[in-house]
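Student: Those protein sequence lines, which keep their order, are chains A and B. Each residue of the first sequence is one higher than the last, beginning at 1 in my numbering. Each residue of the second sequence is one higher than the last, beginning at 1 in my numbering.
Among the clues, some could well be false.
Derived, one-sided and incomplete: chain A residues facing chain B with beta-carbon distance under 10 Å [stated by the list, open to error]:
1. Gln-178
2. Gly-312
3. Ala-327
None of these hints come from the bench; they were simulated from the model. Model, not experiment: these values are computed from the prediction. By construction, the Cβ of each residue, glycine as well, lies at the ideal position given by its N, Cα and C atoms.
Protein chains: 2
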Amino acid sequence: MDEIRFAVLGTGGIGRRTLEVSTYRDGLTPVAACDRHGVAIDHDGLDVDELLAATEGNIASDGGVTRVKETGEQKGVAASTQADQTATPIDDIIAESDAVDAVLIALPNFEHEFIPKVADRFVEADYSGVLVDVLKRSRVIGMLDERADAFAECGLTFVCGAGATPGLLTGAAALAAQSFVEVEAVDIWWGVGLKSGYEDNRGTVREDIAHLPDYDLETVREMGDGEIEAVIDAHDGVLEFHDMEHADDVLLERAGICEAADVTVGGVLDVTSDEKPTTTTVRVTGTTFDGERGTNTVELDDDTSMAANVNGPALGYLKSAVRRHRAGEYGVFGPAELLPRF
Amino acid sequence: MDEIRFAVLGTGGIGRRTLEVSTYRDGLTPVAACDRHGVAIDHDGLDVDELLAATEGNIASDGGVTRVKETGEQKGVAASTQADQTATPIDDIIAESDAVDAVLIALPNFEHEFIPKVADRFVEADYSGVLVDVLKRSRVIGMLDERADAFAECGLTFVCGAGATPGLLTGAAALAAQSFVEVEAVDIWWGVGLKSGYEDNRGTVREDIAHLPDYDLETVREMGDGEIEAVIDAHDGVLEFHDMEHADDVLLERAGICEAADVTVGGVLDVTSDEKPTTTTVRVTGTTFDGERGTNTVELDDDTSMAANVNGPALGYLKSAVRRHRAGEYGVFGPAELLPRF
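I would like the entire structure built from these sequences, with the hints used as guidance.
Tutor: Shown next as structure tokens:
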């Protein structure tokens with residue numbers, strides 16, 4: 001595969017780790033990265049080490065409203081010697097997008113429409129390339145689907161939900177389903193130990209809390225950091241989730257594997273330890289053509305971090321998406337419709 | 001996806017079960033099937049139930065040289081009311097191939113060059129469509145690759161090794177690898193219980209025996225059925241295999257996952273029981289970007305038969321291949337380069 005030049009929108013935990021992982025993969029050149037106050041663009045390839053060092057701690061922790069942590073003399077990306085301060089970071093990257101094959105959207109997604117609206121800006125600029133996100137929420141997939149014609153018109157290939165779950169685990173479920181002629185249940189159960197990674201993943205933790213009983217995205221969005229901490233403390237740092245709204249359901253239905261209602265997602269988040277509190281597992285239960293009922297199982301090693309399981313697949317799906325795009329396939333794709341390339 | 005019209009070459013265990021499984025899947029219409037003496041073609045769709053009933057026991061058991069079991073008054077496929085006797089079954093299907101989107105090659109593959117040479121006949125006829133096989137042997141992939149330009153020229157998309165292993169398990173390994181930045185080992189271990197399916201799968205068993213110490217494909221090919229039985233009896237019907245030549249190795253290397261030498265395939269075949277003698281498992285061991293070493297694991301339920309795990313994925317990969325073909329992607333692809341569609 002020819003070299004892929006890609007941009008990252010957002011340099012929180014996911015954006016920064018994706019840049020880092022890309023340095024281990026063949027054929028990927030990061031050419032642009034931004035946060036709300038800065039943009040770094042180098043079509044010959046960014047110096048990822050320098051950018052990561054400069055942006056250490058660059059996390060929107062309060063819902064993306066006000067605060068970006070600082071290192072160096074400027075805030076966030078702008079602290080990098082490769083970057084410029086800007087009030088229009090996404091527009092700056094769109095302006096250079098003729099030379100960008102793919103864009104990973106790693107922005108905190110507090111409003112449902114946020115990522116779809118980012119996509120709209122690329123459509124307005126008539127961007128012909130790939131957009132990839134690692135979103136979790138089922139309802140956003142429908143919002144993207146409403147834009148499928150617009151994407152097709154400008155030659156845009158959008159791969160949604162391409163992280164760990166949905167993403168890696170959705171793809172695993174689609175594969176594991178192939179033994180069966182009818183799938184009755186897909187059960188996804190994840191474990192995340194996030195002690196040292198907590199600061200880098202506050203947005204993710206906040207979004208997870210929205211899945212607890214008595215909370216939703218709206219209430220969580222208006223909670224201050226202190227209130228979030230209080231919820232975590234009330235659970236002694238270990239939060240268990242059931243029946244989460246994770247887009248694995250609609251993405252597996254799109255791929256024809258099963259009904260969305262047959263998919264359940266839950267898990268345990270432990271912010272007091274880096275050890276996983278439970279093993280991340282996908283169980284696909286179905287009936288074979290010869291009438292047997294069985295459950296195929298995929299387990300991720302407890303020593304693979306959430307970051308490893310989000311960013312590797314995100315880049316794998318990005319590579320697949322570029323291939324689809326180069327073959328002229330535009331529109332919206334889920335992970336189960338694409339196998340990530342290594 | 002639009003309807004896919006497909007043909008099956010060979011109505012042994014794999015060909016017949018693939019026809020059967022296709023009746024459970026959406027969007028697949030079997031329009032042609034053949035064995036050495038008969039061909040059935042119906043562009044409106046074959047009556048699979050009738051064809052299967054007519055061809056029950058239609059297995060080449062001696063290396064494909066002389067004998068086809070009989071039911072009804074004629075041999076094999078020709079016993080079907082939908083079929084005609086023929087001396088040129090593959091040519092007959094090639095003659096109709098303008099109306100065939102994909103061809104599953106489910107022929108016994110006793111010579112390494114056999115499947116590549118079948119492909120050559122489709123190239124000579126300038127077939128623009130999909131060929132899928134479920135071959136196992138690594139060295140055949142290279143022979144297909146030598147033909148990649150010829151495939152590209154006539155617009156042919158060839159997906160090789162698209163059964164259980166290679167196939168389902170190769171794809172699972174490629175997905176499980178996404179957690180890592182470096183993969184050090186892929187270990188594939190399969191269990192097959194084949195008591196009731198033994199008659200239908202003599203070709204597969206024969207090929208497996210070629211992997212035992214002191215045997216190879218040439219010696220096995222010249223062995224009579226009695227000699228094969230004697231080998232099985234000497235092992236009390238339970239044969240254990242190590243370091244098999246399975247194309248998972250070269251297919252994972254093609255996809256950039258690891259070196260072929262890092263892939264090992266082994267397993268246990270029990271022809272005395274339908275219970276699997278060991279659980280089919282894929283273990284992918286690697287190092288994450290954050291320096292952890294781990295093993296992701298995929299396990300197939302012991303109640304999923306070999307047939308279920310070959311034919312479901314074969315049809316899934318066939319669907320993926322048709323999609324690639326329709327997008328204008330021609331040449332040779334391995335499973336890890338395509339996610340099977342359900």
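Student: Indicate, hint by hint, whether the structure satisfies it.
Tutor: Here's how the hints hold up against the structure:
1. Gln-178: With Cβ-Cβ at 4 Å, under 10 Å, it holds.
2. Gly-312: 4 Å, holds
3. Ala-327: OK, holds: Ala-327 (chain A) within 10 Å of chain B, min 4 Å.
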